[in-house]
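> Sequence:
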Amino acid sequence: MRFAEMTWPELRKAPRDASIVVAPIAACEQHSQHLPTITDTVLVTGVAEGVERRLAEQVVLLPTLWLGASSHHFRFGATLSAEVDTHVAILIDLLTPLLEDGYQRVMILNGHGGNIDTMQVALRKLQTSYQNRQLSAASYWDLAAKELAELAEGPRKNMGHACEFETSMIMALRPELVRKEAIQDDPPRDDPVLRGLYLCEDMKQRTQRGAVGYPKLASAEKGRRFLNAAIDRTAEVILALLKRPLPE
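Using my numbering, the letters of the sequence shown correspond one by one to residues 5 to 252.
Treat the hints loosely; a few may be bogus.
[What the hints assert, rightly or not] In silico lysine-lysine, BS3-like type, Cα no more than 25 angstroms apart, as pairs:
id, residue 1, residue 2
1, Lys220, Lys208
2, Lys17, Lys247
3, Lys161, Lys208
4, Lys220, Lys184
5, Lys220, Lys150
6, Lys161, Lys220
Quick caveat, the hints were computed from the structure, so don't treat them as lab data.
Kindly produce the complete structure, drawing on both the sequences and the hints.
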């Protein structure tokens with residue numbers, strides 16, 4: 005069920021107790037020299053729409069929110085962003101009418117790393133008012149972390165930025181948007197001694213070209229496998245959430 009394509013009488017019939025609202029969120033920000041600024045939005049939409057096609061009777065899919073918390077990309081330019089507190093408020097405002105309308109389960113499906121903190125804070129704030137609802141959030145690459153790692157060829161096995169994963173998936177979904185001649189690897193500058201530490205740096209401090217990873221290894225075929233892995237795992241999680249009792 006695609007919320008944006010339905011009428012209010014049709015949505016009134018959507019089962020509040022046997023469906024889950026999926027709210028894809030993303031960003032519009034620089035993605036190195038070879039990917040478009042809308043990359044995160046294209047990718048999470050591709051995953052979300054794939055899930056909705058499989059679970060059309062159980063998923064109420066919202067339009068993708070393209071504005072994210074992306075201020076750590078500002079020094080490269082080509083970035084639109086909400087402030088962190090503003091983004092938290094936007095997510096609360098996005099979900100509150102649905103919870104007031106009686107939907108029992110909500111899942112934020114994230115496509116941008118800068119939104120992880122804001123989506124979690126937003127749900128923590130909502131939970132105090134909706135204690136008997138199921139409120140969940142995840143980045144699609146975290147849900148499918150094991151599966152994606154097994155498919156990756158490069159030394160980086162988790163999601164980066166304009167990387168092997170993202171570049172491959174854009175090649176599969178929107179190949180005309182990839183500037184193949186501009187693809188260059190941007191290896192992460194991680195220090196293994198600092199594992200477990202959150203080091204607050206912007207993308208200019210972390211990278212040379214605004215990417216994190218190995219996009220030279222990307223291919224459309226690999227992108228289709230990445231997408232299918234993310235869709236499979238997200239659908240699996242949603243089915244498990246629908247079986248899970250609501251909190252009391």
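> Against this structure, judge whether each hint is valid.
Taking the hints in turn, this is what the structure says about them:
Among the hinted pairs, Lys220 with Lys208 is consistent with the structure: their alpha-carbon atoms are about 21 angstroms apart, no more than 25 angstroms. With a C-alpha separation of about 21 angstroms, the suggested pair Lys17 and Lys247 falls inside the 25 angstroms cut-off, and the hint holds. The hinted pair formed by Lys161 and Lys208 meets the criterion: a straight-line CA distance of about 22 angstroms does not exceed 25 angstroms. Taking the CA atoms of Lys220 and Lys184, the gap is about 9 angstroms. The hint holds against a cut of 25 angstroms.
The suggested pairing of Lys220 with Lys150 holds, with an alpha-carbon distance near 22 angstroms, which does not exceed 25 angstroms. For a cut-off of 25 angstroms, the pair hint linking Lys161 to Lys220 stands: about 15 angstroms separates their Cα positions.
The structure meets every hint from the earlier list without exception.
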